[in-house]
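These protein sequence lines are chains A and B, in that order. Residue numbering for the first sequence follows the working numbering, starting at 1 and increasing by one per position. Residue numbering for the second sequence follows the working numbering, starting at 1 and increasing by one per position.
I should point out that these hints are in silico values taken from the structure, not numbers from a laboratory. Hints are supplied without guarantee of correctness; some may be wrong.
To be verified - Keeping only pairs whose Cα atoms sit at most 16 Å apart, straight-line, the calculated EDC-like set for lysine to aspartate or glutamate is:
| id | chain 1 | residue 1 | chain 2 | residue 2 |
| --- | --- | --- | --- | --- |
| 1 | A | Lys-260 | B | Glu-146 |
| 2 | A | Lys-260 | B | Glu-350 |
| 3 | A | Lys-91 | A | Asp-102 |
| 4 | A | Lys-237 | B | Asp-198 |
| 5 | A | Lys-219 | A | Asp-103 |
| 6 | B | Lys-498 | B | Asp-323 |
| 7 | B | Lys-55 | B | Asp-86 |
| 8 | B | Lys-374 | B | Glu-342 |
| 9 | A | Lys-226 | A | Glu-216 |
| 10 | B | Lys-317 | B | Asp-501 |
| 11 | A | Lys-237 | B | Asp-501 |
| 12 | A | Lys-226 | A | Asp-174 |
| 13 | A | Lys-92 | A | Asp-103 |
| 14 | A | Lys-260 | B | Glu-316 |
| 15 | A | Lys-226 | A | Glu-212 |
Every value quoted in this text rests on a predicted model; they were computed, and no experiment measured them.
Chain by chain, the residues run as shown.
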Amino acid sequence: MPLKHSLIVIAVALVFTPCFAPGQTDRPARMPNGKPNLNGIWQAVNTANWDLMTHEPGAGPANLGAIGAIPPGLGVVEGDAIPYRPEALAKKKENFARRWTDDPEVKCYLPGVPRATYMPYPFQIVQGASSIMIAYEYAGAVRPINMGARREAPVDGWMGWSNAHWEGDTLVVDVTGLNDQTWLDRAGDYHSDALHVVERYTPAGANVLNYEATIEDSKVFSRPWKISMPLYRRLEKNAQLMEFKCAEFVEELLYGPLRKHPVK
Amino acid sequence: MRYSLAVLAWSFAVAACAQSTWTPPRTADGHPVLEGIWNSASLTPLQRPASLAGKEFFTEQEAAAYEKSRVQEVNRDRRDGPAEVDVNRSYNELFYDRGTKLTRSRRTSLIVDPPDGKIPPMTPEGRAKFEANHAYAAAHPADGPEDRPLPDRCLMFSQSGPPMIPGNYNNNYQIVQTRDSLSILAEMGNQVRVIPLDGRPHLPGNVQEWMGDSRGHWEGDTLVVETSNFRFNDKSRFGVQYDGLTDQNLRITERFTRSGPDTITYRATISDSSVYTRPWTMEASLERSEGPLYEYACHEGNYGLAGVLAGARAQEKAAAVKDISADSGFRLPLLKREELDEQGKKFYDEITSQDGRNIAGLRGPQGIRLYSPKLGELQRDLNQYLRFQAGLSGPVRELAILVAARETNAQFEWAAHEPIALKEGLSPAAIDVVKNRKSISGLPEEQAAIIQLGREIFREPRVSQETFARALKVCGKQGLVNVVSLIGSYASTAALLKAFDMQLPPGEKPPLP
Chain A
1 MPLKHSLIVI AVALVFTPCF APGQTDRPAR MPNGKPNLNG IWQAVNTANW
51 DLMTHEPGAG PANLGAIGAI PPGLGVVEGD AIPYRPEALA KKKENFARRW
101 TDDPEVKCYL PGVPRATYMP YPFQIVQGAS SIMIAYEYAG AVRPINMGAR
151 REAPVDGWMG WSNAHWEGDT LVVDVTGLND QTWLDRAGDY HSDALHVVER
201 YTPAGANVLN YEATIEDSKV FSRPWKISMP LYRRLEKNAQ LMEFKCAEFV
251 EELLYGPLRK HPVK
Chain B
1 MRYSLAVLAW SFAVAACAQS TWTPPRTADG HPVLEGIWNS ASLTPLQRPA
51 SLAGKEFFTE QEAAAYEKSR VQEVNRDRRD GPAEVDVNRS YNELFYDRGT
101 KLTRSRRTSL IVDPPDGKIP PMTPEGRAKF EANHAYAAAH PADGPEDRPL
151 PDRCLMFSQS GPPMIPGNYN NNYQIVQTRD SLSILAEMGN QVRVIPLDGR
201 PHLPGNVQEW MGDSRGHWEG DTLVVETSNF RFNDKSRFGV QYDGLTDQNL
251 RITERFTRSG PDTITYRATI SDSSVYTRPW TMEASLERSE GPLYEYACHE
301 GNYGLAGVLA GARAQEKAAA VKDISADSGF RLPLLKREEL DEQGKKFYDE
351 ITSQDGRNIA GLRGPQGIRL YSPKLGELQR DLNQYLRFQA GLSGPVRELA
401 ILVAARETNA QFEWAAHEPI ALKEGLSPAA IDVVKNRKSI SGLPEEQAAI
451 IQLGREIFRE PRVSQETFAR ALKVCGKQGL VNVVSLIGSY ASTAALLKAF
501 DMQLPPGEKP PLP
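The shape of chain A in the complex, shown without the other chains (with noise of 0.2 Å):
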């Protein structure tokens, strides 16, 4: 950016918002074509990878004590209900007597949409030209983002396919071709390969993003319905995605048996 536009845009920030104090540095950055500037690490706070609904706090395995209890949180989703249709209850039920074994988590299975977005550690949005990554570290999961012409999905996968545009200043991605095989929570809420998600990603301010999920799911449930969360900047200056690739650190879970010399 010139000097002399900067200048203008500080003057004209500093004189028509003089009653919001962090002034410019509170603005959403913008790329060179204007759109929003998403890059950078984000990261949720709060316990909807835990479960998605409020939830009082609970015990976890006996041996971890209070590191494996399960805190307690406000939900997520709009309306603090999950519209499971009648014969699909029953599923998220068994799975949540299951969670332990079951939640693919256990296994550093990929965390699929919208699950990855809040889990508890950082994604990166690059946010490039033509296109957009977003990598996470838990599993060292990754999504590239189509910013082109639509593209239908070529198959179902973990992190599914997908299209992106902008409304405004919000990033409508569209995310189809997911399994079946990742929940939302750890409290098994759950959904069928017919899932479609709509996310949008509106900066608010420089280091917030508000995020929504659409869920549709018409096998498991009667409507769609929404889940929203801030995202959170994180603002460490040496602030990087870090390499968790979790597939070595579950090795004993799932192969142990299958040792040598299995480990007593």
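Let chain A serve as the given structure and place chain B on it in line with the hints.
For chain B alone, kept in the frame of chain A given last:
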């Protein structure tokens, strides 16, 4: 200084000649655009083959001939070899996408330095570690997941790098570029690197990562990416960074240069002073591709690793049957005729005679009984009496034997007698009930009574009054004594077979579930 200027001038001149009509498209912040989908598939080998020693480049004609013959050579859909070769080609052409062309430069190896196109020799220290690691791997190929190569564990792949070495398939990359960072998604293994370009320092030295910690900066129109903090340990011989050996001194410098409208020239210099005697450099070309990249959910579908480990355990179990003598098929060597006394020789001749009364010959219970010829004769007489002179019908006799074999889990005995039972007219239905321990209801009374009797002999503290009465009714008093003795006699043989671990004939599967 004067020299530098001269070099600089020369560089500009070369650049001007080579790129007189083409300049790379640029980003808003003025750098060449690397963003896009690229593919590095190439027939060019990493190291120069011995047959091409001294030859750095192919001519155009040589390249075409090499490409043609190489495509034919690596083709796995050929069926022109013996069965073993065929099996090794079972991961067939459908899985491969290694390209049909050499890299654009027509080099004879991806390695451009040293000039001989080969990975430089190891230091004595590196060589010793390499050999120790390989010896360990040979002795412990799959004790646990850690012993397997990193790709088996879905942790690292040579294509994903760094360095990004073209491989047999999935040589696709998607680059997204910003002012402050650049991400490279490698389709192989679904691995993504987000490389900061903002000049920040590397991670602290105590953080080690399989893919290392990358930092990028621009040198003119070339993006230079320096990677350190590689993960290494005693098992990292399986790393694929280069030739299976990594070390804490490993540094990799990659250079991405747009060299044409549809090409990025990619160079990677690998330096590890404690392993290799000098650094080496490889070059590949990333060619523009349509894409899209597919999700390689390696870990989620990793049935292979479980299969490899389970296979290793099965092989160990099979190999653990070490105390079996090859000549006898059981735990003692087969006695030779000349080793026996007169009684033994007589018994030996009887076993080996072809009168049809001895089922398995030497490779069976009689082979074991050669060690006690007198016992062998007594047992033979008892069995001959019970089988042929005690008035039991063929089907009843064989049913009693099968029940004994089943209830003692004597695989060898069952395998020997099932065909005889069929031949004697025992129904397949009755055999199925005994073999699979099914309900006796629906079987003829005689068979049901004998099966139930046998089951209770082996399973219960005593045979129930009801079962006894039922068996007595169908066999009569003497017949019942004979049937029970026959069951007992074959249980005695089963005990012998199990104690001496008589093996089934090679290749035969255990018949009993």
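So, going through the hints one by one against the coordinates:
For the suggested pair Lys-260(A) and Glu-146(B), the alpha carbons sit about 12 Å apart, so the restraint of at most 16 Å is met. Simply put, Lys-260(A) and Glu-350(B) have alpha-carbon atoms about 46 Å apart, too far for the 16 Å limit, and the pair is violated. About 12 Å separates the Cα atoms of Lys-91(A) and Asp-102(A), which keeps this hinted pair within 16 Å; it holds. As the CA atoms of Lys-237(A) and Asp-198(B) are separated by approximately 11 Å, the hinted pair is consistent with the 16 Å bound.
Of the supplied pair hints, the one linking Lys-219(A) and Asp-103(A) is violated, its CA atoms being roughly 20 Å apart against a limit of 16 Å. Of the pairs offered as hints, the one joining Lys-498(B) and Asp-323(B) holds, with about 13 Å between alpha carbons and a cut-off of 16 Å not exceeded. As the CA atoms of Lys-55(B) and Asp-86(B) are separated by approximately 34 Å, the hinted pair breaks the 16 Å bound. The straight-line distance between the Cα atoms of Lys-374(B) and Glu-342(B) is roughly 11 Å, inside the 16 Å bound, and the hint therefore holds.
Between Lys-226(A) and Glu-216(A) the alpha-carbon distance is near 9 Å, which keeps this suggested pair within the 16 Å criterion. Among the hinted pairs, Lys-317(B) with Asp-501(B) is consistent with the structure: their alpha-carbon atoms are about 14 Å apart, no more than 16 Å. Distance restraint check for Lys-237(A) and Asp-501(B): the Cα-Cα separation of roughly 70 Å exceeds the 16 Å cut-off, and the hinted pair is therefore not satisfied. Simply put, Lys-226(A) and Asp-174(A) have alpha-carbon atoms about 14 Å apart, close enough for the 16 Å limit, and the pair holds.
Between Lys-92(A) and Asp-103(A) the CA atoms are separated by roughly 11 Å; this keeps the pair inside 16 Å, and the hint holds. For the hint linking Lys-260(A) to Glu-316(B), the alpha-carbon distance of about 9 Å falls within 16 Å, and the restraint holds. Note on Lys-226(A) and Glu-212(A): the hinted pairing holds, with a Cα-Cα distance of about 7 Å set against a maximum of 16 Å.
Violation of the numbered hints given earlier is confined to hints 2, 5, 7 and 11; the remaining hints are satisfied by the structure.
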